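Just so we're aligned: the sequence shown equals residues -2 to 383 in the working numbering.
Keep in mind that the hints are not guaranteed to be accurate.
To be verified - For each label pair, taking beta carbons as the anchor points, the in silico distance ranges come out as:
#1 Gly172 to Leu81: 32 to 38 Å
#2 Val19 to Leu135: 35 to 41 Å
#3 His39 to Phe166: 16 to 22 Å
#4 Ile41 to Leu75: 27 to 33 Å
#5 Gly243 to Gly321: 23 to 29 Å
#6 Met327 to Lys147: 18 to 24 Å
#7 Lys83 to Ala370: 33 to 39 Å
#8 Leu317 to Leu135: 19 to 25 Å
#9 Leu143 to Val371: 48 to 54 Å
#10 Arg34 to Ser133: 44 to 50 Å
Quick caveat, the hints were computed from the structure, so don't treat them as lab data. Quantities reported herein were computed from a predicted structural model and do not represent experimental measurements. For glycine and all other residues, C-beta sits at the position ideal for the given N, C-alpha and C.
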Amino acid sequence: MGQRLWRRLDGVSIGLMLVLSVAGLFFIGVATQDSGRYYVYHQILWIAAGMVTLLGVAAIPYPRWAQWAPYLYGGAVLLLAFVLVKGHTAYGAQRWINVGPFQLQPSEFSKFAVLLALAVNLDRRPDLRRWRDWVSPLALVALPMLLVIKQPDLGTSLVFLAILIGMLFMAGAPGWRMLLLFGGGFGLVVAWIYAHLTWHIYIPMHNYQLQRLLIFLHPDQAPLGAGFNEIQSRIAVGAGGLLGLGIGGHTSQLSFLPAASTDFIFAVVADQAGFVGAMGILLLYFLLIARGMHTAGLARDRLGRLLAAGVVSLIAFHVLESAGMVAGVMPVAGVPLPFISYGGSAYLTDAAALGLLLNVRMRAEAQLFAETAVARTGRAAGSLAE
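Work out the full structure: start from the sequences and follow the hints.
Shown next as structure tokens:
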């Protein structure tokens, strides 16, 4: 990457990422309590690896990444299939592959691959006014979604759906078609669940996933069962109050909160930093997302806009779901909070996605600068001719 292009690397986005990451170290330490030092140390290693990943993704022109998209997508699908056969099982889910001392989660890496493949596919389809033009992008997302649901991992499958919706919107898909497709799909799922509960019709969902949806409406009906996570997270949020309990002052409920350092870490944020601190964290995400939307506007080609929209959708959905399920306004689906939750696979994927966003931005700014310089030179030459 040339020195001039390197200077256009977006320091604002990197700064926001690092602030969130440092905050995450503190919250991970609190969430893991007696084992905190072990988890914090490992997360520091993942942050360092994430920075290398971010810079590596940003250094390679995104059209080159587009050329590699079919291979990355194919590799991701193969890994997702491999997990179902030889994957490591924990907490009732088969989602991981053991690689030496590490456990890798292919469903996380597949987000990056699906994002790339979908952007390339939609870039080649400027007109989405015919239903047949929707078949290919929908199939691209449906295959990894089905493999991930089989693990089971409902949260990640919904991330794929969020990326698809965001990129279809950026691609100029007619709003009425999107409403008909996704609204109709949502209505069909609701009707299917109702039919299952009423007439015991088969539904391709694990019982605990169905319980999560039902408990979302009435968590108090199973305080020690399916509603336990939601109730414990709400207690932690309420205990934090306006300004939080401060360092070492966490409520005892955190000891009973499952996945406190990963899926439910926003409850730890609210417990420690209170309403003010939680809003501060959300503000940082808002700034990062706004920066991404601005990047989409700066992009000089359709592919760049689609990639930026995909990354923004990825981050925005993670934040919305992670914070929303803790606050009780979203059902529990289990997704990590970007750059804050503990975990290497998720952190590297988020860093790679942000690197792709910076990739689009700095090349758009460089091209815009070149176009402006040419325009100024042309005006100057015209003035001299007069």
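A quick look at each hint next to the structure:
At roughly 36 Å, the beta carbons of Gly172 and Leu81 sit within the given window of 32 to 38 Å. Separated by about 40 Å at the C-beta atoms, Val19 and Leu135 satisfy the suggested range of 35 to 41 Å. With their beta carbons about 37 Å apart, His39 and Phe166 fall outside the hinted range of 16 to 22 Å. As the Cβ distance of Ile41 to Leu75 is approximately 31 Å, the hint placing it in 27 to 33 Å holds.
Between Gly243 and Gly321 the beta carbon distance is about 25 Å. The supplied range of 23 to 29 Å therefore holds. The beta-carbon spacing between Met327 and Lys147, approximately 23 Å, falls within the hinted interval of 18 to 24 Å. Under the hint 33 to 39 Å, the C-beta atoms of Lys83 and Ala370, about 55 Å apart, miss the expected range. For Leu317 and Leu135, the Cβ-Cβ distance of about 22 Å falls inside the hinted range of 19 to 25 Å, so the restraint holds.
Our hint of 48 to 54 Å for Leu143 and Val371 holds, since their Cβ atoms are close to 49 Å apart. A hinted range of 44 to 50 Å holds for the C-beta pair Arg34 and Ser133, which are about 49 Å apart.
In this structure, the earlier hints numbered 3, 7 are contradicted, and the remaining ones agree with it.
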